[in-house]
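With the hints as extra help, turn the sequences into a complete structure.
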Amino acid sequence: MADTNLPLTERAVEKGRWQRFRESDFFHAFKRSPVAIVSFAVVSVLVLSAIFAPLITSTNPFDPSTLNLMNGFTPPMEPNAFTGQQFLMGTDDQGRDVFATILYGMRISLFVGASAVLFAMILGIVLGLISGYFGGWTETIIMRIADVQLTFPSILVAMLIFGIAKGITPVEYRDQMAIWVLILAIGLSDWVQFARVVRGATLVEKGKDYVAAARLIGRNPWAIMIKHILPNALSPVLVIATISLALAIIAEATLSFLGVGAPPTQPSLGTLIRIGQGFLFSGEWWILFFPACTLLALALSVNLLGDWLRDALNPRLR
Amino acid sequence: MSTYVTVKGLTRVFDVSKPWLNRVLEGRKKALLTAVSKVDFQIEEQMTYALVGESGSGKSTIGRMLVGLLQPTEGDVEIGGVNLTRETDPDRIASVRSNIQMIFQDPYASLNPRWRIRDIIAEPVASKGGDTKGLAERLLEQVGLHPSDAGKYPHEFSGGQRQRICIARALASEPRLIVCDEPTSALDVSVQAQVLNLMSDLKDKFGLTYLLITHDLTVVRHMADRIGVLYLGRLMEEADPKTLFEMPKHPYTQMLLDAAPHLDGFGREVPPPQGEIPDPLNPPPGCAFHPRCPIATDICRQQRPEMRPLGNGLVACHHAQ
Amino acid sequence: MTVPVLSLRNLTVEIPSRHGVVRPVDSLSYDIGNGEILGVVGESGAGKSMAGSAIIGLLNPPAHIAGGEIWLNGTRIDTMGREQMRRIRGKEIGMVFQDPLTSLNPLLTIGDQLVETMLTHLPISRSQAQHRAIDALKEVGIPGAKERIDSYPHEFSGGMRQRVVIALALCAEPSLVIADEPTTALDVSVQAQIIALLKRLCRERGTTIMLITHDMGVIAEAADRVAVMYAGRLAELGPVRDVLTQPQHHYTHGLMASTPLAAQGQKRLHQIPGSMPRLDRMPEGCAFHPRCPNAKEKCRHETKPSMEGGRAACWYPVSAEAVA
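Top line first, the protein sequences correspond to chains A, B and C. Using our numbering, you'd call the opening residue of the first sequence number 1331 and step up by one each time. Using our numbering, you'd call the opening residue of the second sequence number 135 and step up by one each time. Using our numbering, you'd call the opening residue of the third sequence number 147 and step up by one each time.
Hints are all accurate, no fakes.
Result set (DMTMM-like, lysine to aspartate or glutamate): computed pairs, CA atoms no more than 25 Å apart in a straight line: (1) A/1538 to B/316; (2) C/284 to B/403; (3) C/413 to B/335; (4) B/164 to A/1469; (5) C/345 to B/398; (6) B/152 to B/208; (7) B/337 to B/179; (8) B/376 to B/174; (9) B/152 to A/1477; (10) C/284 to C/327; (11) A/1538 to B/290; (12) A/1557 to B/271; (13) C/442 to C/430; (14) C/237 to C/327; (15) A/1538 to B/253; (16) C/413 to B/275; (17) B/376 to B/350; (18) C/413 to B/179; (19) A/1557 to B/265; (20) C/345 to C/285; (21) C/292 to B/413; (22) C/345 to C/182; (23) B/163 to C/301.
Far from chain C, by Cβ distances over 10 Å, these chain B residues were calculated: (24) 272; (25) 374; (26) 425.
If you are wondering where the hints come from, they were derived from the structure by calculation, not from laboratory data. Even for Gly, the Cβ is constructed at its ideal location relative to N, Cα and C.
Now the structure itself:
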C-alpha cells in the first residue's frame, strides 16, 4: 500500500500503568490541590494506624487479662495516682487506654464502613447495569424499588433491617452476627445511588458505537456490560463510593451510638462515643472527646477527598 | 458476478410514542415512525453499493438492519444465500453474520476508550476463541499505522487514525461485506482522501463488498459502483454513478444535485430548492416527494410510484422519462 | 482608499496550558472590504473559529489575545472593555453559529428575542420593533411570519431555526456578520437555501460577511475572496477563483486535489501525507513543511512573514515551481 511508510504516529514505547498515571491530568490536578493532599494524608494515616494497631499499641484493650482496673479514669498525660502509669489520651472507667480503644474501634468502623460500601456498590452496579442495558420491565421494577426506598431515611431502613435480623438470629450468636448485620443494614440502605448512577452511565454508553461494534461481533450482553460498559461507568462510581464511605462510617457510628450497632465487646467509634457520653458531665471528658475527634477527622477527610475526586473526574468542571 | 446481498420489501417502523401513562392522560394515539418503507436493492459481489440521502432518509437504519443491530419490521434480507429474516438455524445465521462488519461515523465513539488498540482490534477474533497473536500488529500495518501503536489507547490518536483503527477491527474477522456508515463525515477533507484511498485499496486486496452510507454526493460519485437515492425511507432512484450524475431521472435526484455546492460554481446563482423534508411521522400520501416536486400531478398525490426500469437504472416516479 | 470594515493586524491568540503556551491563532492579518464576502477555510484545528471568537471578544478563558490589533470600521476593538464590546456585538457585528439552538434562548419566543435585540441597539419604540420583527422574519423567508412570531425556537425545523438566527443577526443592521459554519448541521437542500439567503440579504444591505467553513464548495459559490488557514496561520489569501483554480500554497493545492470532485475518473484520490501538527508540537519554520512535497531547507527554519510577492505564505509557491 502506498501510505504504509508514512510517519503517521510517533513510535513510542508502550507505557506502563504507573507511568501513565504519573503523567495523567488526574495526578497533575492532585498535586496542585492542597485540600486533596491533606485529606489524602489524614485518611492514609488513620487507615494505616487502624490496620497496624497491634504494632502501635502494646495493649489490646479487649483482652481482659491486660487490663488493670486501678488504671481507671486516668486523665490524659497525667500519671495515675495508684500505678503511676501515664496514658496519651487517658483511660476509661475500666482502665482501658483510650488511644488503644480508638485504634481498635477505628478498625471496626472502617471495616464495617468499607464492607457496607463494597456490598452496596456491587449490588448497585449489577442492578444499575441490568436496568440500564435491558430496559423495559426489568428497569421499571428495579428503579421503582429504588424510588420507594429513597422515600425512607436510610438510617430508618438500616434500623428496620437491623431489628428484623436481630429478631431472627438466636441469642447466643447475636454479638458475633452484629457486625455482619450492620454491614448488611448499611449496605442495603445505600445501593440506590450506585444503581442510579450506573444506570445513567449505562444508558449513555449503550448508545455509543463501540457497544454497537461489540454487539455485531456477536458478544453476549454480559460480556458487553462487564467488559465494555462498566469500565467506562466507573469514574462516577468511584466518587460516590468515597462519599458513601464517609456516610457509612457516620451511619455505623449513629447506629452504634443508638445502641443498635456494634456490641460493647467489639466497640466501634460510635460505641466508644456512646460509652463516653455517660462520663461527660462527671468531668471525664477525654473518654468522649478523643473518639469523637477521630470520627470527625475520618469522616471529614474522606468526604473532602470524595468532593475533590468528583471535581477532578468531571470534565465539565475542569 | 453473483449477487451477495438481496434486500426485498425492507420496512422498519419505530414506536416513538410517549410512555403509556402519558398517552392515556393526554389522550394521544401511538406515534409510529416509518423510517424505511418497502426498500428493494441488490449488491453484487465485490462492488460498492452506495445509499445517499439527507437526514431522516432511513439510510443508517437500513445499514443497521443489514448487520443485525436492528430487526426489520417487514421484508427480507438475504446475504450469501441465507435469508436472515426467515432462517431458523442459529449456526447458519452466525456464520453469515461473521462475514459482515461495520465502520461507524464517529471515530471518537466507536472505540472503547478504556481498551488498548491491540484488544480492540483483536476482539472480533478473540471473542470467538481464535488465535490473535500478532493479529493487531499485522492489521495496523495494513491500514497504514505502525505495529507499535497496538499498545496505545484511543485518545492518543487523531480522528483519521482512529478511523483506520476501526477499519482494522472490521478486517480482523476477515469479512466479505463491510457496511460503512458515513465513514468520512467526521473527517477533514485531506484525511478523508486518505481514508477513502485506504478503503479502495483494501477492497481490491481482500475482494470486499461495501455498502456505503453517506450524505456526501462527492464521496458517492468517487467510490460507488451503484447508487441508491433515498428520500423519507423510500428508494427514489437507482443507477450507476455516471448515469445518475449526468442524467438524473428523478426530480428529487435532480434537486439534490443542483443544491450541492459545486467546486467550480463561482458566484453560482441557482434558485434554491423549495420546501423542506416532510415530518416522517406524517408522510405525504402517494409519492413522498410530491409536495416539493415541480412536475407533480394528481396521480403523484394519490398513488405511490413503484420502482421501474428506465435507461440504465431504476426510478420511482410516475413522470420521469 | 476606503477604510476596510474589518482589519486584522498580526492577531495572535494564546492558550497557556501545563505543557506550555499554544497558539491556535498565530500572526493573522487580513482586511475585509465593504460588502465583501470573505471565506475563511481550513480543517479542524486550523484556528478559523478561534479567530472569529477573538474578533467578537468571546474567547473562552484561558484563551486570550496575546498580540496584534483588530480594527472595525476604523476603530480599534481588541482593547475595548467588556461593556463596550457587548454593545458592539449585535449592533456592529452580527453572529450566526453552526448550531442554531445555542444562539437562541429556548425560553423566549422568537419575536421577543428579535424585539429585545432591536430595542437594545436601535432607537425605536416597542411597537415599531414589533413591526420590524415581522418584516425581518418575512425577509428571511419564514412562511406565516405574523403567526409564527409567538413561537418558541423548538417549534421550528433546523433550517427554519437558522433563518431565525440570521434574522436576529441582521435585525440591528450590523456592518459585519460573522457566520461560523452556518450550514454544517443542515442537509444539502437546506444548506443551499441558507447560503442563497445570506448572499441575497448582504447584497441588498451591503453587509460584509466573514464566512467560516470547511466546505470548499460553499466557499466557491458564496465567497468573493478566500483566506486559507493552516495550523493557526494564514496559508493563502486571494480572490476565490484564483485560489481555488490556481492555488499557490502547496497546502491549498493538496487540499483542492484531495476533494473527490477534483479526482473525477481517477481511481485514487490525491492525498496529503500525515496530519495537521498538534498545537503543542508545532514544527519549526513553515508549519506545513513536514507534509509538503516541495519543502526545502529554508522551509524548515524560516516562516515567511507576509504575503509579499504573491498570495501564499510559501517560499516556493506552486506556480513558481512550475516555471522553474
